Every structure is written in C-alpha cells, then in structure tokens.
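Novice: Going down the list, the protein sequences come from chains A and B. Residue numbers for the first sequence follow my numbering, beginning at 1 and rising by one. Residue numbers for the second sequence follow my numbering, beginning at 1 and rising by one.
Source of the hints: derived by calculation from the structure; they are not laboratory data. All values derive from a computational prediction rather than experimental measurement. Beta carbons are placed, not taken as given, at the ideal position from N, Cα and C, and that holds for glycine. The reader is advised that the hints may include incorrect statements.
Label pairs and their calculated CB-CB ranges [what the hints assert, rightly or not]: (1) A:Arg145 <-> B:Phe144: 51 to 61 angstroms; (2) B:Leu141 <-> A:Glu223: 32 to 42 angstroms; (3) A:Glu223 <-> B:Pro245: 43 to 53 angstroms.
Cβ-to-Cβ under 7 angstroms is the rule here; a few derived chain B residues that face chain A [stated by the list, open to error]: (4) Asn35; (5) Pro271; (6) Val284.
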Amino acid sequence: MTIRAKVLAAAAAAFLVGTALPAMAVTLRYANQGDLKSLDPYTLNETTTNAHLGHIYEGLTKRGRDLTVEPGLAEKWEVSSDGLTWRLFLRKGVKFHNGNPFTADDVVFSANRVRAEGSNFQTRVPSDAEFVKVDDYTVDVKLKRPNPILNYQWDTWYIMDKEWSEANNTAAPTPAAATSPSYSSLNANGTGPFKAESHQPGVKTVFKKNPDWWGKVEHNLDEIVFTPIKSDATRVAALLSGEVDVIEPVPLQDIQRVNSSPNAQVLTGPELRTIFLGFDQTRDELLFSNIKGKNPFKDAKVREAFFKAIDIETIKSRVMRGLATPSALMIAPELFTYSKDFQRPKYDPDAAKKLLAEAGYANGFEVGMDCPNDRYVNDEAICQAVVGMLARVGVKINLMAQPKAQYFGKVLKSGNYQTSFYLLGWTPGTFDSHNVLFDIEGCRDNPASSRGESNLGNYCNKKHDELADKILVENDKAKRDQLIKEAFQITASEYGYIPLHQQALAWGVSKKVKLSQRADNSVLLYWAHKE
Amino acid sequence: MVAFIIRRVLQAVGVLFAVGIISFSMFRFAGDPVNQIVSIDTPAAQREEVRRSLGLSDPVPVQFTRYLINTVRGDFGISYQFRQPISDLLAERMPATLELAFCATVFAVAFGILMGVYSGLRRESFLSKLFQTLSLIGISLPTFLIGILLIYLFAVTLGWLPSYGRGDTVRVGWWTTGFLTLSGLMALILPSITLGLFQMTLIMRIVRSEMLEVLRTDYIKFARARGLTTRAIHFGHALKNTLIPVITIVGLQLGSVIAFSIITETVFQWPGMGLLFVQAVQNVDIPIMAAYLMLVALIFVMINLAVDILYTVVDPRLRSTIRQPV
Numbered sequence: 001m002t003i004r005a006k007v008l009a010a011a012a013a014a015f016l017v018g019t020a021l022p023a024m025a026v027t028l029r030y031a032n033q034g035d036l037k038s039l040d041p042y043t044l045n046e047t048t049t050n051a052h053l054g055h056i057y058e059g060l061t062k063r064g065r066d067l068t069v070e071p072g073l074a075e076k077w078e079v080s081s082d083g084l085t086w087r088l089f090l091r092k093g094v095k096f097h098n099g100n101p102f103t104a105d106d107v108v109f110s111a112n113r114v115r116a117e118g119s120n121f122q123t124r125v126p127s128d129a130e131f132v133k134v135d136d137y138t139v140d141v142k143l144k145r146p147n148p149i150l151n152y153q154w155d156t157w158y159i160m161d162k163e164w165s166e167a168n169n170t171a172a173p174t175p176a177a178a179t180s181p182s183y184s185s186l187n188a189n190g191t192g193p194f195k196a197e198s199h200q201p202g203v204k205t206v207f208k209k210n211p212d213w214w215g216k217v218e219h220n221l222d223e224i225v226f227t228p229i230k231s232d233a234t235r236v237a238a239l240l241s242g243e244v245d246v247i248e249p250v251p252l253q254d255i256q257r258v259n260s261s262p263n264a265q266v267l268t269g270p271e272l273r274t275i276f277l278g279f280d281q282t283r284d285e286l287l288f289s290n291i292k293g294k295n296p297f298k299d300a301k302v303r304e305a306f307f308k309a310i311d312i313e314t315i316k317s318r319v320m321r322g323l324a325t326p327s328a329l330m331i332a333p334e335l336f337t338y339s340k341d342f343q344r345p346k347y348d349p350d351a352a353k354k355l356l357a358e359a360g361y362a363n364g365f366e367v368g369m370d371c372p373n374d375r376y377v378n379d380e381a382i383c384q385a386v387v388g389m390l391a392r393v394g395v396k397i398n399l400m401a402q403p404k405a406q407y408f409g410k411v412l413k414s415g416n417y418q419t420s421f422y423l424l425g426w427t428p429g430t431f432d433s434h435n436v437l438f439d440i441e442g443c444r445d446n447p448a449s450s451r452g453e454s455n456l457g458n459y460c461n462k463k464h465d466e467l468a469d470k471i472l473v474e475n476d477k478a479k480r481d482q483l484i485k486e487a488f489q490i491t492a493s494e495y496g497y498i499p500l501h502q503q504a505l506a507w508g509v510s511k512k513v514k515l516s517q518r519a520d521n522s523v524l525l526y527w528a529h530k531e
Numbered sequence: 001m002v003a004f005i006i007r008r009v010l011q012a013v014g015v016l017f018a019v020g021i022i023s024f025s026m027f028r029f030a031g032d033p034v035n036q037i038v039s040i041d042t043p044a045a046q047r048e049e050v051r052r053s054l055g056l057s058d059p060v061p062v063q064f065t066r067y068l069i070n071t072v073r074g075d076f077g078i079s080y081q082f083r084q085p086i087s088d089l090l091a092e093r094m095p096a097t098l099e100l101a102f103c104a105t106v107f108a109v110a111f112g113i114l115m116g117v118y119s120g121l122r123r124e125s126f127l128s129k130l131f132q133t134l135s136l137i138g139i140s141l142p143t144f145l146i147g148i149l150l151i152y153l154f155a156v157t158l159g160w161l162p163s164y165g166r167g168d169t170v171r172v173g174w175w176t177t178g179f180l181t182l183s184g185l186m187a188l189i190l191p192s193i194t195l196g197l198f199q200m201t202l203i204m205r206i207v208r209s210e211m212l213e214v215l216r217t218d219y220i221k222f223a224r225a226r227g228l229t230t231r232a233i234h235f236g237h238a239l240k241n242t243l244i245p246v247i248t249i250v251g252l253q254l255g256s257v258i259a260f261s262i263i264t265e266t267v268f269q270w271p272g273m274g275l276l277f278v279q280a281v282q283n284v285d286i287p288i289m290a291a292y293l294m295l296v297a298l299i300f301v302m303i304n305l306a307v308d309i310l311y312t313v314v315d316p317r318l319r320s321t322i323r324q325p326v
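Chain A on its own, in the form it takes in the complex (with noise of 0.2 angstroms):
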C-alpha cells in the first residue's frame, strides 16, 4: 500500500467513523414489572406511573436527584408574610410539545382539573385554594390557611396546556370510571425532556428527545423504549441478554446473579417505603382472636411485648438477603431531621414473655394476621417471620397472606377495616412527617375529616393530634422538626406501631447505562448515559 493509499484510507475511515456515528441513534430499554396504564397525569398517583410522566410533563417544582425541591416550570417563588399568599413566577419561553407556549392561564387550568372530580391528585392542591392570574407569567396562591409544605408534592403535579386540553375535549380529567375513551390517556403534550411518540397500554411506550427542551440536557438519549415485564424470570432473563438496559425491580434472590453477569448489575439503597405491623386497638372485642369480651391491643404492654419478640436483624438478613434497613420510625431517616434520636427497643423475648404475662396473658393467646403476598418485598416471608418469632414468646398467628386485590379490600375503610394485626408498607406523598402523622397515626374518631383513614388499626392519642394540627400551619422549620420529633416520641412510647424496615431498591442496569437512583424508587431516565 502506498503512502497516499494509506492517507485515503485514514481519511475515508475517519470520515465514515465521523458520520456513522452521529447517526446512530441511541435507544434506551427499559422494563417495568409494572405498567403504564393511562398517559393522563391525573389519572393514577402511583411512583412508577409518575415517573414514567415526569418524562414528558413538568411540575412547577422538580425534585433533584436527593429529592430536594428545586425550581421547575416556577423558577422562584415568594411566601408573604402571613404565610397566607404564594407568588409564582413562571419560567419564560418554555413550550409545549405542540409548541403551544405555557404561561399563567395553564397553570391555572391545571389546578382546576387537578382538584375536578375524577382526579387521582386532588390532594396536590387544597381544594380552598384560589388560583388569581396576575400577568403571563405570575401567579398568586392565595390559602385560607398557612401551608408550608404547600409546593411539597407539586413536583408531581403535572402542568398540562390549556389550550390543547379544550381542543381535544379533555379538560376534565379522565376518571376512573370513564365511560367513553379519553384523548389524554392515550396522547400527551407536555413541556419536559422527552415527548411521547407511541402508547400502546400494556405492550409498548416509545419516548422521544425533546429538542427544544428548555432545561439543560443531562441525558444522551434519543429515544426511550418503555416494555412492561410482569414475569421476574423474563424480566431478568432480558437484562442479561442485553435486550433491556434497565429493568425495576430485580427480584432479591436473582441480584447475586445479575451482579455476577459480565453484562449488567444491580443498583441497591434504602427506599422511603416504611414496612410496619399495625394493631387493632379500637375494638372491645378483636375480629379474628380467641380472647372473647376484651381487646388485648388496648394495652401498651403487649404491644410492647410483640415489639420485643420481633427478631429485626433475623428478617433483614435471612427474609431480605441482607437489603433492608431496620427503621425505628414511621417515617424514612432520609425524610426527617431528627431521626437519628430514635433507636429500636432490642429484641428481647423474655422480657416479651414477661411483659405477656403481666398485661394476664402468661399463656398467650391467638390473634390472626393479614399481610399482602404480591405487594411489597418479600411481604409474605416476613409475615410468616413474624409468626415463627411469636410463637416462641407464646402467639399463635393465624397468617391470611393473600393478593394486594383482596387484602386492601379487606383492611382499608372499603372494607371496614377488618383486621386484628397487619402488615402495610407507607410512602409519605409530600415527603414530609405530617402526612404520616396525619394519615397513619391519626385518630379516626370524627368521621367528617379524612385523619386517620389510613389508621387501620385506629391508634388514638389526641395529644398527638393536637401536635400535628400545629405542624401543619408551623411555618419555622427548627420549630416544626421539634414538634414532629415530639409527636413521633408519643407513638413510640405507646408502642403504636411496629416498624419493621426500609425495603431496598433494585434496579437492574446495564454496564453500559450510567443512572442516577432516587430513594423514592423512581427511575428517571433523563439522567442516563448509554455508552
């Protein structure tokens, strides 16, 4: 080969390295045990569905990649004095993928379909809040009552055009019990990073860049393609053949495999989701025991003594292989300041014993327990955990582990809160204490307000009520930790609860995605890297 051969050569690989590349478009795989059911962003507050939208719709608030709240479509925002009126100033130039541009009358239009019937998102907004335009691009909140965590969950509020809503005569969101198909759960038309090019429900969802995205671009992507996976095996099976980049959840006994694969690995951490036990402690009379004429979970020592008995480490390293995080409160260590000043009372079962027989149950007694089997980690195998452990201290447990279908029809209020003992896992949706002391450790005694309806087992302490009605308006942050912090001391010292863990994340990446994992467990691809 000649010098000038070789140059050609050189020149002509280079040239075709140079244009070959550009023009490969990078495609991104992803798949979900769960599904993408409807694109409307105010049919279904679930994670998964929320992150799949957050591709493609924006909040006025974002959450970073350590879930702190940062400006979105608002770019700054100002609290007056009183606490009674929030300013937003809307970020300007910002389009919609039809191009429509976005200004004040669609946020005000989303707030109103956010707080119609048939919205899943009511809570995002309080339903007395009054939206006031005061020019294109600002907006005033004005509140009957001071808020400080009003814009906590506005991240997931998505923002959607007015104009475009009307003209496909979706302005109202579609219900769940639509009776005519809706154009919103099938077409979508946000302002985010990617838009949404095909849904197929249950098969196929098919994103595309945004070029004209107006925030700075921390992806390489092209395109996402989004599968729903229900079975673990093929779930699996198509991560370690390369066919899937990024699969959520890895069941915990195949992370050992993935991680040993020369293809992809497993990502793990703590989730925000709180594992607990709950007791019924309102009854005279417990729906599912042998002891007839009292209730035995009235009294604090045997809630106590079935704390103690329960062997944590036992279930975080046999039952979760290791990925759990004990948790000795209702709420996630990342999600409040003070939560290191609590610690779990040890596992003790003589002192368990002891207690047992001082409360007059020095025989046990039998109590049935109800507990999820297709809904958290390992769910079902912590129950049964739990009745081994209990039984050595003298508990016998009738175990009625059955599919999340029947199990929440059976304990939520639907159902009447038919349940002695149970096993519930809680997200708080603002991220924030208040909702937990508000939905899960409330009293549910006035039928009026919605405290409480997630108390299934209706633990009651009016001076916890009382601490949490003053950590909603409380708008000094020291102070409000300090309330929290002593409302959440009245729980534990009752014994209110059991909590048990943090279930652990696991999701399956390619070596060759580079993803950021956010505690809340969901998976935003526009902080991806594919090589």
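Start from chain A and add chain B according to the hints.
Specialist: Okay, now just chain B, sitting in the frame of chain A:
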C-alpha cells in the same frame, strides 16, 4: 340438518349464559377494583365516588342485569386500567394470540407427525427412543418451566433469539403481523415451541400408536401382497388412516391453544389476549375478565359446533341419528 344447527346454536347460547353467570359470580371474589384504581392515600370519600361511578354500589342483581344487557349488545365496556373500550383492546391483542396459536399448531402438527411416523416405523431405533423420552418431558414439564428453560438457553446463554415480546410488527389494516419482519419471526420461535410442545407430544404419541395399529391390519398385509412399495404402503395407505384422529385432536385442541396461551404469553411477555387477561386479574379489571371469558367460551362453542357439522359431512352414518334425536 337446519334443525340440528338451530338446536346446536340454542345450546351454545345456553353455554354462554352459564359462563356469564359463573364468571360474574367469580368476580365477587376477585377483590376490590377500586383499590387498584386509586392510590393508597386516596381519601375514602373519593373512593366511594369511584365506586359509585363504576356502578359497583348498586345491588348485585342490578349489576348482573346491566352486565348481561351490555354483553348481548356486544358492549363489553371500558377497561378500568387502560380507560379504553374492551373491544378495541381485544382487537389489538387478538392478532398476537392468533399468530402464536397458528405457529404453535403448525409446529406441533409438523413435528408431531414426523416424529410419530418415524417412531412408529422404526420402533427399536435410538432416535425413536429419544423421541419417546422427549415426549415424556413435553407432557410432564409445566409450560412456564419449559419457557424459562428455553429463554435461558437460547436468549441468555446463546443469545440467538429474543427473550420477550413480538419484535417489530407490520400493520396490515387493523391486523398487526410479526410474519413480515425478521425480528418478528425470530420472536415467534421460542413461544411457539413452548405453547406447541404439549400438543406435539400428544400428536406424536397418537400417530405412533395409530401407526402401529394400522400396520397390523389386514389391508396393509394385502397391500404388501399386491407388491406395493413400502413407501406407498406407509405414506399412501397407513399414514392417511392415522390422520383422522389427529385432525380431531388438532381441531379440538385449537381452542385450548388459544385459551391457554395465558401462561406462555406471561412468560414471554407476548402482547396477546392471555397476557391482557392475566394483567386484568391482577388489577381486578372486571370488564376485561368478563369479555375474555365470554370470548374463550365462544371460541370453544364455535369450534365444537364446526366439528360436529364436519362429522356429519364426513360420516354419513351420523346423519340419521341427527334427524331423529335419540
């Protein structure tokens, strides 16, 4: 003949009605759909609103009557999960299931007959014994296990075939087909084998035993005496007669191949009707469950009806009994 068909159609309506009642009463135990529609922290008042708008707070007889009337009108309603009309969802998923069922049946018939004939003719050969062993595996191993084994061998370890999905599809009218693209054809291989394996072993065993039976009959002996070639005897005379039960089996099994593709579709994330049904059960999507069960019942009834009619065409002896019901 017309009276026979009318009677059969009336019976079919009865069967469908019974399926309707049974499936409707089963939904009582499927769980509460409302909890699958809303998130866990949805206030109870909102849950009640959803329940009312779905018509779930009406008395059971009212719900059942409404369900029957809508079903008769061909209106299966709107899926709770997808907010799409059920008829659209089923029409979208049906091609996937039918193509899979077709490929599985072709695979089962082709390989079943070949292996059956071979092991019938050469009973003592090593290959026949291997086929027999394989057929035992095919009959005894559960479908999902076979599927997962195939995935691990061909998709994960060897990397030859895709582990899930349909590959690229081409839209022909309302029908989406995987037959026209390479990835679509590749994606069909593993699920077809998984779904068809049981039928294949069944056919193979039937053909083998029929073959052994037929080869012992007199007319084969006479054919040999006439000096026909072995080839003509085996394939012209013997095989033809073994195929009658095979046709019956294939016909009747076609319904179950379509209906029971549920497991195969779940393992391979095959976007067909079976997968839709499984997702519906998990999410207590009652309208989809109801429509699917009715559709499957309809397919079975239609196939049985067709088989009965075909019998009378094939076998004149049956006609007299049909004219005068016994």
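Novice: Quick check on a hinted range of 43 to 53 angstroms for Glu223 (chain A) and Pro245 (chain B), using CB atoms only.
Specialist: holds (52 angstroms)
Novice: Hey, does the Asn35 (chain B) contact hint survive, CB to chain A under 7 angstroms?
Specialist: For Asn35 (chain B), the interface hint holds, since the closest Cβ of chain A sits about 4 angstroms away, which is under 7 angstroms.
Novice: Measuring from the C-beta of Pro271 (chain B) to each C-beta in chain A, is the shortest one below 7 angstroms?
Specialist: holds (4 angstroms)
Novice: If I claimed the Cβ atoms of Arg145 (chain A) and Phe144 (chain B) lie 51 to 61 angstroms apart, would that claim hold in this structure?
Specialist: For Arg145 (chain A) and Phe144 (chain B) the Cβ distance comes to about 56 angstroms; the hint holds.
Novice: If you check the beta carbons of Leu141 (chain B) and Glu223 (chain A), does the distance land in 32 to 42 angstroms?
Specialist: Between Leu141 (chain B) and Glu223 (chain A), where Cβ atoms are some 39 angstroms apart, the hint holds.
Novice: Is the shortest C-beta separation between Val284 (chain B) and chain A less than 7 angstroms?
Specialist: holds (5 angstroms)
Hint violations for this structure: none, all hints satisfied.
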